[in-house]
Amino acid sequence: MGALWQSLAQHVLMLMFIMPLVGACIVLFSRNRDTNAIRQVATTNILMTFLLSIVMLGNFNYEKRDTQNTATTYQMVSAVAWTNPNVITQADAENSSNLPWLPDIRISLGVDEISLIFVGLTALLFIPVVMIAAPKSIQKRPPYYAIILMLEAALIGLFSALDVVFFSICLGLTTFLLYVLIGTWGGYDRRRVINKFFVFNWLGDGLILLGLLSLVHAQTTMNQESPGEPASFAVYQLVDGQALVAGDSNVHGLQKLSRTGQEAWEYWNEFGWWISLCLLIGFAIKIPLVPFHTWFSPALAEAPSAAGLVMSTLYLKIGLYGTLRFLLPLFPDEWPISQTTVLMVASFGCLFTGLLTLAQDDIKKLATYAALNQTIFAAAGIFSLNPIGISGSLLLLINHAAAFGILFYLISAIEIHYKTRDIEAFSGWFKRYPRYSGLALFCMLTIVGCPLLGGFTGQVLTLWGIYFGNAETAHNLFYAACNAMGSIFVLWSFVWYFQRVFQSSFREPTLNTSFFQGTTPASSTTNDQSAMRDCSWKEIGILSPLVLVIVAIGLMPQCFIGHLTPAVEHAITVTDKETRHFETIVSESVTPKTPIPEPIHDASPAD
Amino acid sequence: MLDAARMQWLIPCAPLLACLCGLLFGGRAGGQRRSVISILGSLCSTIIAAIFLVRLTLIDDPQLANVTAFQFSDWISISAGVPLSLGWGLRIDLLSAMFVTLASLGTLLVTVELSQSSKHSSSGWGYVVLSLMLFGATCFFMSTSFIQMLIGWQIVAVASYLFCMTQPESLSDPASTRKVFFVSRIGDLFWLIVLFVVFDLFQSLNLDAVVGTLTRPADRLLDLVDSRLGQLQLTSNVRDLAIIAYSLIFVAAIRCAQFPFFHWLNDGTRLGPATLSLQQAFVAMPMGIYLLVRCHFLFLGIIGPTKVLATMAGVTALATALIALTRREWQQIFAYLGVSFIGMVFLGLSAANSSGIVHALSLLIVGGTLLGGLILANPRLLTSIETTSNDEPSADDSPAIDRRWILVGILVLGSGLAGQSRLLEVVDYHLTSLQTEAAEYFSTFETQTDIAVDEDSAKAATYRSIQEHGNTYRVIHILGVISTFLFALALLRAYFLIDDDGAIDGDKAENKNMSMAGLLIMVGCLLCVALSVPIAQNFLWKMTPRIASTGFIKTHIVNIFLIAPALGFVTALAMREKLQQQPTPQELNSTAFWPSMKRVCSNGFYLNDIWFFVCSLPIRGLSQFSRFLNWFAIDGLLIGLPNRVSRRVWVWAQPMHNGQLSYYVLAIIVAASTLFVLLTQFKG
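Read top to bottom, the protein sequences are chains A and B.
Following my numbering, the numbering of the first sequence begins with 201 at its first residue and continues without gaps.
Following my numbering, the numbering of the second sequence begins with 189 at its first residue and continues without gaps.
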């Protein structure tokens with residue numbers, strides 16, 4: 201029993217990845233076309249994945265990181281060779297002619313403190329995603345649920361991928377599945393919107409893939425100590441030069457490699473800038489930072505409810521996760537533009553999207569721009585390069601996922617029933633639908649930063665980080681004020697929205713079909729106003745874990761920060777150390793003959 | 189027997205428990221049950237706070253000395269970079285105990301009053317929110333760190349907003365409550381600045397740690413400045429301290445509706461629920477005062493913010509008392525009088541010494557209780573609650589008000605005698621002593637050269653500032669004296685809005701004891717005025733030569749101006765029956781000069797006409813100014829302008845967001861230009 205449990209704990213991530221894929225196959229190839237049966241299969245599958253995520257959270261050793269924070273510590277690592285099943289021996293490495301021609305790409309999964317949070321959130325948020333009330337036209341189609349399940353697998357794979365190619369594959373798969381969801385079951389204007397969604401995101405995915413492959417190439421090129429060593433696609437080898445599983449190469453991380461010799465340094469100095477530019481633009485599109493944000497709102501507005509929930513909560517996190525995973529630790533100094541400029545862009549974006557939120561008369565678009573605003577706010581915290589700001593941003597992202605998960609769940613109920621999202625069409629819902637209104641009020645309060653809820657903690661710490669910046673920048677009061685004003689505009693929008701929709705005398709729109717033309721069956725045009733009901737206790741039960749997450753962040757943020765800080769601190773420590781080193785090099789490189797920086801003599805990764 | 193430390197826990201925990209119990213166990217018909225739970229929570233807090241207050245003031249309890257402040261939890265602790273540690277804790281000292289008692293007692297009264305008048309027909313969410321508000325207030329008053337103060341501050345703001353939402357529609361206008369909430373959030377921005385700068389300066393947000401960095405606050409202003417110089421290097425940090433001080437003043441001024449941020453009060457009181465006004469008087473406004481008192485050690489040595497505070501307070505005390513005179517609604521009259529009271533309290537705080545602060549606090553308690561009593565005694569407000577709760581109002585349900593009015597009369601006496609007069613006297617005394625010290629200091633130098641040599645020291649600069657600006661304080665405080673008269677006049681006007689049969693403003697009510705209550709108010713006003721005139725004159729005679737040299741005639745004009753309202757009051761009393769012929773609202777609001785003058789010159793003048801000449805002209809100027817600021821700072825900047833901007837941006841950006849070709853062309857041009865500039869910069 202103990203061995204079984206140990207094996208389960210070790211491969212829990214792989215199981216979490218496979219489980220939804222198996223469920224998708226069952227849903228697709230099952231002969232049973234009963235709507236409830238399909239839905240139950242999908243729900244059961246997602247609940248089991250969620251249970252596995254609890255196992256993952258329980259099995260994670262939060263004390264494992266060493267006191268020096270010298271390397272990122274991934275746990276529950278499990279890898280399956282994908283393209284090259286042969287284990288490379290030392291003899292193969294010495295004799296390059298014996299090396300396999302296929303690159304060593306693996307389905308490699310593992311989590312550290314940061315990805316643990318995102319994987320857990322994915323498993324949690326897919327419960328409301330699959331339980332969300334969908335139009336009957338969607339419910340009857342097995343591919344809908346199959347795609348939902350595959351989407352979960354792709355996101356779990358993305359947030360836990362330890363192989364850069366596998367990461368890119370999951371990234372592309374996520375984009376493709378959302379493209380199919382929106383394009384097939386989206387709103388009236390979906391055909392025009394998906395083109396833009398597709399172009400922007402595939403451009404971003406392509407740039408990210410290009411950047412990541414360039415990293416691998418750079419590592420191979422700069423590896424002077426053991427030339428001919430096969431290229432490693434593992435994240436941990438690129439960043440820290442660690443060897444976690446059998447078959448890992450014996451190489452340094454990219455930052456160390458770039459300082460091992462004159463040629464390596466010149467190479468990195470020349471190409472590192474372009475690689476980081478690729479990654480920065482790619483992740484900026486995914487975040488999405490202004491001015492790359494225009495694909496997000498129309499796509500989300502036209503997306504079916506479940507896809508909208510995924511986009512607003514999890515898909516928005518991909519860019520920031522990638523920034524934390526690749527951009528910060530790999531490029532502490534080689535920012536294509538200065539960190540202050542990126543911070544300025546993010547702060548302006550926060551202000552701009554806050555203003556756009558204020559301009560919306562559509563419930564879903566209002567929530568969309570608010571979600572975007574909060575994400576860009578978190579991005580500003582991350583780009584502040586302050587550990588407190590980054591920790592706050594992560595808290596803000598968790599709170600964001602939970603709050604907007606609930607909010608989009610609620611909005612979908614209106615959207616599906618009334619086929620309209622016009623704010624002016626609703627009024628006085630607080631008396632008629634108290635539970636629905638209570639949940640919406642709760643979301644609003646946490647989004648606007650009500651104390652003792654998650655939004656407050658995240659926003660204060662993020663602003664803290666933006667204001668104080670990193671050790672080398674002056675205090676950024678202006679940027680902090682920009683972000684705070686952006687949040688206040690969101691607050692104003694929400695309070696106004698709440699006043700119009702939930703207060704005053706009751707009013708609800710008459711049903712119409714214009715909104716969902718092409719997808720809504722004729723039967724839904726009946727004027728059955730009584731069909732709209734208040735949130736059931738079952739729905740409240742589904743959403744209650746998200747409520748608990750928000751309250752927990754607000755009341756006990758240390759539970760999260762205590763676990764997140766080591767990972768954040770590791771990235772910042774590396775950044776500080778390397779930045780100082782880099783400055784020395786730059787100051788000396790103005791002389792005619794560039795001296796070689798001191799090689800870093802650390803213990804071998806294999807040791 | 190619980191020891192003191194555990195009892196300290198119960199003060200915020202009792203309302204929190206009441207809130208949670210009301211939330212969870214209120215049930216469907218939970219109005220009555222929730223009211224009982226809320227009353228119990230408030231009562232528990234009140235009793236324990238009162239016990240602490242008594243023990244701290246009357247009994248020299250050694251046990252309390254060890255438990256006055258303690259930390260019980262680390263809320264956030266980040267060791268990376270500059271270590272940040274934010275924790276929860278509780279502090280109970282005399283100041284905290286006094287404010288907690290005031291807040292919990294006020295909440296108890298409001299809850300009881302609300303429960304009696306609403307007849308439990310509502311779902312009772314208001315009681316839950318009231319408990320939450322008390323929890324936030326007690327957290328704020330007993331906090332040990334700035335971050336905890338911010339949390340308590342925001343909880344009260346959010347609870348006020350929620351409270352408005354729970355009130356019946358006829359009592360609560362969503363737009364006004366939204367505006368009040370929004371203004372409060374703007375104040376929170378200044379809070380964040382305070383947090384950042386304090387941490388930057390002291391590397392801690394803990395109050396004790398910050399105080400420990402400074403020295404023990406001294407009674408005398410100059411001692412504090414000198415002692416700071418040793419540890420904090422005031423000259424280099426004076427800018428940061430000034431930022432903290434200005435931010436704190438703005439935070440408190442916005443919460444307490446001080447000039448020029450008082451205009452939102454108009455919406456809040458006219459359209460918000462009456463019980464919210466009560467809570468404002470009992471909880472929200474004392475929070476602003478407490479904030480300045482608790483943090484006064486941070487900016488006592490800096491002249492600029494203190495001067496701003498004094499100016500703001502003086503103008504507020506005058507302007508809002510004037511505005512109160514022109515109002516015909518009781519709720520608004522009391523609200524503006526409350527702000528005027530707070531302005532007087534701020535004046536005391538601007539005296540920047542312990543005596544001024546102590547007397548400002550005594551004035552706050554008397555004034556807060558007075559205004560609370562006035563609002564509670566206002567039968568129209570209670571009737572309106574009644575009307576909303578029950579569809580058909582019944583005359584039998586009208587509350588008894590005779591005893592309350594007697595209480596109000598007594599409180600008027602108390603406030604007039606104990607509070608205002610004493611405060612003004614203290615301020616004057618302190619300024620005089622400071623100016624004497626400054627004169628003695630400069631007299632020690634034989635020549636101006638010696639002074640110039642010593643000019644670098646902060647002591648000389650402070651003395652010089654006192655010499656130069658001390659009289660400005662006096663003038664500001666004279667504004668306070670004038671506002672005292674206006675306050676009395678406003679109460680008098682409030683009295684004249686009551687008919688002989690107890691009806692307010694033409695409405696007939698059943699209570700016959702109103703005249704007696706009104707008479708008591710008049711007596712109180714008269715005593716207040718009678719006592720304030722000699723004090724004010726004392727001010728004038730004590731004026732330094734600079735003011736005194738303005739001339740005999742000017743001095744006497746001021747005297748006449750001060751005495752005139754008193755004379756007018758006596759005249760009004762004598763001609764009471766005639767004065768009760770109130771003008772119509774149209775007449776009252778008329779700004780026509782000559783018709784009013786004609787009426788005054790003719791036989792049948794009205795008191796309103798006198799007020800028009802004495803008060804309306806300046807008040808209209810101030811009110812317009814405030815309205816402009818309100819439009820610019822609140823409606824304009826925060827409502828109109830961003831809305832308009834965002835709508836225009838949206839109109840412009842919407843086709844682009846929808847993926848039209850023009851966007852891509854524009855985006856490519858912008859991106860290419862940006863990339864070109866960046867590449868040039870980077871490579872260059």
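FYI, nobody ran anything at the bench for these hints, they're computed from the structure.
One or more of the hints may lead you astray.
[As the list claims (entries may be wrong)] Which bits of chain B does chain A cover? Going by a derived footprint, with three or more residues having C-beta under 8 Å, they are:
hint, segment
1, 226-240
2, 262-268
3, 283-289
4, 365-371
The beta-carbon is built from N, C-alpha and C at its ideal position, and this holds for glycine as well.
Hint-by-hint comparison with the structure:
1. Interface restraint, the segment 226-240 of chain B with chain A: violated (0 residues with C-beta to C-beta distance below 8 Å; minimum three).
2. Figure legend: the segment 262-268 of chain B, annotated as covered by chain A; annotation consistent (7 residues with Cβ-Cβ distances under 8 Å, at least 3 required).
3. With 0 residues bearing a CB less than 8 Å from a CB of chain A, the segment 283-289 of chain B misses the requirement of three and the coverage assertion fails.
4. For the segment 365-371 of chain B, the assignment as covered by chain A holds, since 3 residues bring a beta-carbon within under 8 Å of that chain's beta-carbons and 3 suffice.
The structure fails hints 1, 3 (numbered hints given earlier, in ascending order).
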